[in-house]
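The letter at position 63 of the sequence shown is residue 63 when you use our numbering, and the numbering goes up by one with no holes.
Read the hints as simulated data drawn from the structure, not as lab findings.
Be aware that one or more of the hints could be misleading.
[Stated by the list, open to error] Here are the simulated SDA-like pairs of lysine to any residue, each with C-alpha atoms no more than 25 Å apart in a straight line:
{"hint": "1", "residue 1": "K14", "residue 2": "F73"}
{"hint": "2", "residue 1": "K61", "residue 2": "T18"}
{"hint": "3", "residue 1": "K14", "residue 2": "H75"}
{"hint": "4", "residue 1": "K42", "residue 2": "D15"}
{"hint": "5", "residue 1": "K61", "residue 2": "F45"}
{"hint": "6", "residue 1": "K14", "residue 2": "N74"}
{"hint": "7", "residue 1": "K61", "residue 2": "P22"}
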Amino acid sequence: MVIISWALLREFIKDHPTAAEPLNRWYDIVDMADWSNLADIKGTFNNVDYVGNDRYVFNIKGNEFRLVAMIHFNHRTVYIRFIDVHTEYDEIDCSTI
Numbered sequence: 001m002v003i004i005s006w007a008l009l010r011e012f013i014k015d016h017p018t019a020a021e022p023l024n025r026w027y028d029i030v031d032m033a034d035w036s037n038l039a040d041i042k043g044t045f046n047n048v049d050y051v052g053n054d055r056y057v058f059n060i061k062g063n064e065f066r067l068v069a070m071i072h073f074n075h076r077t078v079y080i081r082f083i084d085v086h087t088e089y090d091e092i093d094c095s096t097i
């Protein structure tokens with residue numbers, strides 16, 4: 001899958017260094033993936049949730065962080081829309097970001 005944008009993750013890691021290892025692992029796994037649907041994602045990340053409007057929520061580092069990605073399977077592209085601590089995630093409507 002093509003992931004857009006690593007820069008957002010890099011900036012987040014500057015403020016949350018404990019996220020570096022799990023986000024790098026997530027990135028590497030997604031980069032090598034070839035998903036066609038939610039079932040494919042669940043085969044890789046069992047705890048992913050579909051929240052509508054092509055958005056998927058990934059729990060990072062034991063649910064300490066939440067990553068929302070828009071995934072277009074037909075283009076093999078993952079757009080990172082949001083990454084933050086779990087409490088900040090609770091404040092957003094992730095189906096619209």
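Check: Honestly, which of those hints from before does the structure not fit?
Finding: Numbers 1, 3, 4 and 6, in rising order.
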